[in-house]
Amino acid sequence: MLEPVKYVGGVYKHNHLLELVEDLGGYILQKNVMQTEVVLLMLVPINDMPIVEAKARELLGKLTRAPLTGTEIATVAPTLAYHHLPHLDCDVAEFLRQHGAKTNMVGLARGVGKRICQITAFERDLINEHDLAVFILGNYEHCIIEKSKRLYEGIEIPIVVTGAPELKTEDVPNATAYVGSFGRILHQMRHAEELRTLDKLAVVIGKVLDDVRKELAKDPPSVAPPRIKKEIEEQVQEIIDSLHPLPITLQMNGARVKLPYEEYHEQIENIKFVEGVTMKEVARVLPSKMRNFILIKALPKSETGFVI
Amino acid sequence: MEQLETFVVESPDIVGAKTTKVLIQDTLADLSLTRVIGRLKVFVDPVQPVFIFTALLRLGTPAVKLKDFANIDMGTLGKDEVKIELQREAFTVKLLNKLWEKYGKENIEQPDKKIIIVKTDPIKELDILREFVIEEPQQEVLDRLIDAVALRIIPEGFRVRKHELSTSHVLFVASEDTLKPEWIAKAKDMLESLRSEENA
Numbered sequence: 001m002l003e004p005v006k007y008v009g010g011v012y013k014h015n016h017l018l019e020l021v022e023d024l025g026g027y028i029l030q031k032n033v034m035q036t037e038v039v040l041l042m043l044v045p046i047n048d049m050p051i052v053e054a055k056a057r058e059l060l061g062k063l064t065r066a067p068l069t070g071t072e073i074a075t076v077a078p079t080l081a082y083h084h085l086p087h088l089d090c091d092v093a094e095f096l097r098q099h100g101a102k103t104n105m106v107g108l109a110r111g112v113g114k115r116i117c118q119i120t121a122f123e124r125d126l127i128n129e130h131d132l133a134v135f136i137l138g139n140y141e142h143c144i145i146e147k148s149k150r151l152y153e154g155i156e157i158p159i160v161v162t163g164a165p166e167l168k169t170e171d172v173p174n175a176t177a178y179v180g181s182f183g184r185i186l187h188q189m190r191h192a193e194e195l196r197t198l199d200k201l202a203v204v205i206g207k208v209l210d211d212v213r214k215e216l217a218k219d220p221p222s223v224a225p226p227r228i229k230k231e232i233e234e235q236v237q238e239i240i241d242s243l244h245p246l247p248i249t250l251q252m253n254g255a256r257v258k259l260p261y262e263e264y265h266e267q268i269e270n271i272k273f274v275e276g277v278t279m280k281e282v283a284r285v286l287p288s289k290m291r292n293f294i295l296i297k298a299l300p301k302s303e304t305g306f307v308i
Numbered sequence: 309m310e311q312l313e314t315f316v317v318e319s320p321d322i323v324g325a326k327t328t329k330v331l332i333q334d335t336l337a338d339l340s341l342t343r344v345i346g347r348l349k350v351f352v353d354p355v356q357p358v359f360i361f362t363a364l365l366r367l368g369t370p371a372v373k374l375k376d377f378a379n380i381d382m383g384t385l386g387k388d389e390v391k392i393e394l395q396r397e398a399f400t401v402k403l404l405n406k407l408w409e410k411y412g413k414e415n416i417e418q419p420d421k422k423i424i425i426v427k428t429d430p431i432k433e434l435d436i437l438r439e440f441v442i443e444e445p446q447q448e449v450l451d452r453l454i455d456a457v458a459l460r461i462i463p464e465g466f467r468v469r470k471h472e473l474s475t476s477h478v479l480f481v482a483s484e485d486t487l488k489p490e491w492i493a494k495a496k497d498m499l500e501s502l503r504s505e506e507n508a
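Protein chains in written order, with my numbering: chain E, 1 to 308; chain L, 309 to 508.
I should point out that these hints are in silico values taken from the structure, not numbers from a laboratory. Just so you know, these numbers come straight off a predicted model, no measurement behind them. No residue lacks a Cβ here, since even glycine has one placed at the ideal position from N, Cα and C. Misleading hints may appear alongside valid ones.
Unchecked claim - Derived pair list, reagent style DSS-like, types lysine-lysine, alpha-carbon separation capped at 30 Å:
(1) Lys218(E) with Lys301(E)
(2) Lys488(L) with Lys149(E)
(3) Lys214(E) with Lys230(E)
(4) Lys402(L) with Lys427(L)
(5) Lys168(E) with Lys200(E)
(6) Lys168(E) with Lys326(L)
(7) Lys168(E) with Lys218(E)
(8) Lys230(E) with Lys297(E)
(9) Lys432(L) with Lys391(L)
(10) Lys200(E) with Lys326(L)
(11) Lys168(E) with Lys329(L)
(12) Lys427(L) with Lys410(L)
(13) Lys391(L) with Lys427(L)
(14) Lys200(E) with Lys218(E)
(15) Lys329(L) with Lys149(E)
(16) Lys149(E) with Lys410(L)
(17) Lys207(E) with Lys6(E)
(18) Lys329(L) with Lys200(E)
(19) Lys422(L) with Lys391(L)
(20) Lys494(L) with Lys329(L)
(21) Lys297(E) with Lys272(E)
(22) Lys432(L) with Lys422(L)
(23) Lys470(L) with Lys149(E)
(24) Lys402(L) with Lys375(L)
Unchecked claim - Stretch by stretch, here's where chain L covers chain E in the computed footprint (C-beta under 8 Å, at least three residues):
(25) 114-120
(26) 140-148
(27) 164-170
Given only the sequences and the hints, what does the whole structure look like? Please build it.
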């Protein structure tokens, strides 16, 4: 069992921590160096947490649990107009990012209105590539309920909806969870009360994702996503030169690789694991709807019969 | 007179009304319009659906014309030119830009700090130049107001709209469906009640 954690500390000697986590069999998912500070997102074996905590203390850094680590979340706004951007959508996206998720912002082309709102097939497929979608809606109860009846058509991933009124999740059709006290906010969310609302959203999303993890654990993926990431980094040299943020983005049962599909899919399909299997035996390598990236979905144990 | 003496958002949806009020405050502050609006009344009913925005305006100074800060005269005898003698230099940059745009750079000369010569037919152009508008603070404010109301405050899905805009008031009725006459009548009533408050 791996524990998702975030480390914030000085650059000096932080490689000691990196090496420790790797030696313990954990994974470094992301490393951001900002001048003299470094932020690490890691997966650490839960039994070895005390050792890592001791090391973090020694380096005078801070270690916190980041439950959203290793997930890719879509924050969806009905459109890309002043009504939603920049404040609320960016605040939500940035806040979830701080909790370890990789967030992508999606603006729908025709998502406006309660009667006239639509979602296109492309948008639906793009959103379905994520682990979870956060729909950021507006101020009025009636509009949120009416809109929810039709807007999420065909979306198969869990849907978290935000809005101003305090509604029960059961009242919002098709939603997995609902978080109130948001609404259409045209200023940066920085007051204590607003930050608490964002915290609440992170907790709710954490819970929804935990449920998904439980579901996944019943039929686990044949290969763990961090393992996919590690093997690609070691066997596909070009990924090092990729300038995209997070060239390999982890998802709960796969990964998004930011390399052109046409050129690299065969190379990735033929990646060899030390256990003697290749990538195409344990995962599906698919073209992603996002640019021409590659989407890897691990096959469940029930299909392959083994877990590596 | 005080700013925003009346600021009411009415709606059957109480939470929605509260957030809409904050939203309007934010937008007006963002576009520095709080000093422009004297009284403001909004009605929203998401079920119908309708959004009515009425406000009384207090616009600042009227447009600045060339004659307000300069003497405009014939130039040298026998030449086709107009001489502008500036009394205040505050608007020189704007004035030059506007003149360049209208007459072309080659027809404008500035032999002295406060004198501008425009090479054009003085008989035809003299009066036009006197009334030449250099700055329109009111128009600028109204543009910002339209930006605030039409593009930021009214819910995006409300694409069917009717508006009235003058230097004294603004009225917007918006909906997702065809506008009903009673909504427009209600908007007019709201504006009337604002006016009667103003005169009381």
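Checked hints:
Simply put, Lys218(E) and Lys301(E) have alpha-carbon atoms about 9 Å apart, close enough for the 30 Å limit, and the pair holds. Between Lys488(L) and Lys149(E), the direct Cα distance comes to roughly 26 Å. Compliance with the 30 Å bound is thereby established for this hinted pair. Distance hint between Lys214(E) and Lys230(E) is fulfilled; the C-alpha atoms sit about 24 Å from each other, no more than 30 Å. Only pairs whose Cα atoms come within 30 Å are accepted, and Lys402(L) paired with Lys427(L) is accepted, the gap being roughly 19 Å.
A hinted pair counts as satisfied when its Cα atoms are at most 30 Å apart, and Lys168(E) with Lys200(E) qualifies at roughly 14 Å. For the proposed pair Lys168(E) and Lys326(L), the alpha carbon gap of about 20 Å is at most 30 Å, so the pair holds. Between the alpha carbons of Lys168(E) and Lys218(E) the distance comes to roughly 29 Å, so the proposed pair stays at or under 30 Å and holds. Distance check on the hinted pair: Lys230(E) and Lys297(E) sit about 15 Å apart at the alpha-carbon level, within 30 Å; holds.
For the hint pairing Lys432(L) with Lys391(L), the CA-to-CA distance comes to about 14 Å; that is within 30 Å, so the pair holds. The straight-line distance between the Cα atoms of Lys200(E) and Lys326(L) is roughly 21 Å, inside the 30 Å bound, and the hint therefore holds. Note on Lys168(E) and Lys329(L): the hinted pairing holds, with a Cα-Cα distance of about 24 Å set against a maximum of 30 Å. Taking the CA atoms of Lys427(L) and Lys410(L), the gap is about 12 Å. The hint holds against a cut of 30 Å.
Between Lys391(L) and Lys427(L) the CA atoms are separated by roughly 9 Å; this keeps the pair inside 30 Å, and the hint holds. Restraint check: the Cα-Cα separation between Lys200(E) and Lys218(E) comes to about 28 Å, which is no more than 30 Å; the hinted pair holds. As the CA atoms of Lys329(L) and Lys149(E) are separated by approximately 27 Å, the hinted pair is consistent with the 30 Å bound. A distance of roughly 56 Å separates the Cα atoms of Lys149(E) and Lys410(L); the hinted pair therefore is violated under the 30 Å criterion.
Among the hinted pairs, Lys207(E) with Lys6(E) is consistent with the structure: their alpha-carbon atoms are about 18 Å apart, no more than 30 Å. At roughly 24 Å between alpha-carbon atoms, Lys329(L) and Lys200(E) fall within 30 Å of each other, so this suggested pair holds. Taking the CA atoms of Lys422(L) and Lys391(L), the gap is near 10 Å; set against the 30 Å cutoff, the hint holds. With a C-alpha separation of about 20 Å, the suggested pair Lys494(L) and Lys329(L) falls inside the 30 Å cut-off, and the hint holds.
For the hint pairing Lys297(E) with Lys272(E), the CA-to-CA distance comes to about 16 Å; that is within 30 Å, so the pair holds. Proposed proximity of Lys432(L) and Lys422(L) is supported: the alpha carbons are some 23 Å apart, at most 30 Å. Between Lys470(L) and Lys149(E) the CA atoms are separated by roughly 29 Å; this keeps the pair inside 30 Å, and the hint holds. Restraint check for Lys402(L) and Lys375(L): the C-alpha separation of about 14 Å stays at or below 30 Å, so the hint holds.
Requiring three or more residues with a Cβ within less than 8 Å of a Cβ of chain L, the coverage given for the region 114-120 of chain E holds, as 4 such residues are present. With a cut-off of 8 Å between beta carbons, the region 140-148 of chain E has 4 residues touching chain L; three or more are needed, and the interface restraint holds. Under a criterion of three residues with beta carbons nearer than 8 Å to beta carbons of chain L, the stated coverage of the region 164-170 of chain E is upheld, 3 such residues being counted.
In summary, the structure is inconsistent with hint 16 from the numbered list given earlier, while agreeing with all the others.
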